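Just so you know, the sequences run in chain order A and B. One point on numbering: in our numbering, the residue at position 3 of the first sequence is 3, and numbering is uninterrupted. One point on numbering: in our numbering, the residue at position 83 of the second sequence is 83, and numbering is uninterrupted.
Among these hints, one or two may not hold up.
Okay, derived cross-link-like pairs now, SDA-like style, lysine to any residue, Cα gap no bigger than 20 Å in a straight line [to be verified]:
no.: 1; chain 1: B; residue 1: Lys51; chain 2: A; residue 2: Gln112
no.: 2; chain 1: B; residue 1: Lys231; chain 2: B; residue 2: Glu190
no.: 3; chain 1: A; residue 1: Lys168; chain 2: B; residue 2: Ile39
If you want a taste of the chain B side facing chain A, the calculated C-beta under 8 Å gives, among others [claimed, not checked]:
no.: 4; residue: Ile5
no.: 5; residue: Phe50
no.: 6; residue: Ser64
no.: 7; residue: Ser70
no.: 8; residue: Lys74
no.: 9; residue: Val227
It is worth saying that the hints were derived from the structure and are not from the lab. Only a predicted model underlies this, so the values are computations on that prediction, with no experimental measurement involved. We put the CB at the ideal spot given by N, CA and C, even for glycine.
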Amino acid sequence: MKVQEDSNLIQSILDGNIDSFNILVNKYEVIVLRFIYNMIKDKEAAEDITQEVFITIYNKLYLYDRNHKFLNWLLQVSKNKCIDYIRKYKRVYESNIEDIPNVISKEMSPEQTAEFKETKQNIEAYLNSLCEIDRQILIIRYMQNLTFNDLAEILEITESNVKRRYYKSRQNFKTFISQKEKGCKQ
Amino acid sequence: MNCNIFRKRLEDYVMGDIPSELKISLENHMDGCESCRAIYEEEIRIDASFKMALSIEGIEFNSSRTSIISAIDKNRYSKRTSNKILYNIKKYKNRYLSYAVAVIAMIVFIPMLLNNFNEGSYKTEGASENKMDIYKAEDKASNEASTENSTQDIAIADEKQEAIADKKADSKVIMNEENSPMEFKGTIVESKELPNYEIVWANSLNGEKSAAIDTIPEKDVDFGIHVIYVKDIKTNKIVKYEVIKDTQSTIKNIQWWDNEHLIVVTGFAYGSVSYGSDIYSLAVDTGKFSALYQVKDEKQQIVEVQKVKNDLILQLIIYEDDNYNISHKAVGKINILDLKKSTDMQIISEEKK
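Use the sequences and the hints to build the structure in full.
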């Protein structure tokens, strides 16, 4: 049904209906923003890139292949825009916990907050140690409930390759965490 | 279910990528197995921490929807057919381009292929014609051989076949070239080097010189390359003339032109079909050969040439059929002055059956 809706919206846009595009932006803007933010960890840049993504999507909408999910195409374009941005600015991924004060629930005790911060730092350190594709797989996987098939479409690699990389990254994360814990104890 | 199977399928279970039956049995296993349950909880914890770490629920993004809508070209798409066609072409431009390339390639290559095909078939036809001729000639040769009760073996027949084929090729070359491909060499020989059988000598008009071919006169069928011997009757010096180029041709017949020149008829060396096709003159003093005439029609064979006043009188055998089976005699005439003009001879008399 969702796919059908997207398809109708896109057809309507291609017929010159700007309102349909407005609906489409409204529907997917947050997903794109979050995806891009997770990739580059910069709020301002994420907003700029999101804007760029939607403009590109609009201009290239006639190229959209209806055999695929629109979201996959949208995230594929977003991913490519992020890669362009990263290449352009050679940005180092820094975790800036202060950026997101609202994340930490008011109900959290100081210990829980500290633990949360530590886990987050660990995961980000781990993600930054991964190669680009592995990192993207984990980010997309945990951000959106997408299937391996969707991941394969977005990242333009095979499904089996996505699976293999995903399980390997998880396995390595366990090792990474246990080494961290050992390091702390010593 | 044992622990090994559980651990193998655990990842799929965590992903939710698992059939419901298996899901139930995995859950049942977990209830009974403490260690597997611990592993499962560890996986869930990792999942949760990833989700939590990547969660950005708290961040409030500014919507850029308004600026997006204002930035886009609102007239880009429309319901107009021209607009649809334009974007259809843009979308499938690679496909259309490849079609166009394919069509152009077909337009260019099909005539080339057809040409090649035609040439190929023409060549095959030519080859088969040649083959036909060879078979015909072979038939003819074998017919003759049987009538003459000659003991020719298969090897000779094969040789004939090849030779006839070669002759065809050669004759084409001769036609194309103005200069004769034949070259002759004269060497002084001792009288003891003459053939051991008797050869027929013919004296020149003034009786000073005598010439002969090393053929065996009694034998009707006569194969092989022959040489001319020219003997000075006074000094008894003998000069041997032989063909050194175009070894398929031989001297067939000689006649005296005057006291210094011989008319030499040459022709294909092998087979009983061929008598002679070319006329040369040989200056016996200098040993210089020069081409005089060549028959244009392969069915006309020169047997003998005589000079009568200003004309060369050619005794001919004219074959009537393609198999070279039926022939009749004829006499041709060509004026000496016409020799260099490459005009054809006149048939002055023909013996019709």
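Hint by hint, here is what the structure shows:
{"no.": "1", "hint": "B:Lys51 <-> A:Gln112", "result": "16 Å, holds"}
{"no.": "2", "hint": "B:Lys231 <-> B:Glu190", "result": "10 Å, holds"}
{"no.": "3", "hint": "A:Lys168 <-> B:Ile39", "result": "17 Å, holds"}
{"no.": "4", "hint": "Ile5", "result": "17 Å, violated"}
{"no.": "5", "hint": "Phe50", "result": "5 Å, holds"}
{"no.": "6", "hint": "Ser64", "result": "4 Å, holds"}
{"no.": "7", "hint": "Ser70", "result": "10 Å, violated"}
{"no.": "8", "hint": "Lys74", "result": "5 Å, holds"}
{"no.": "9", "hint": "Val227", "result": "85 Å, violated"}
In the structure shown, a violation is registered for the earlier hints numbered 4, 7, 9, in ascending order.
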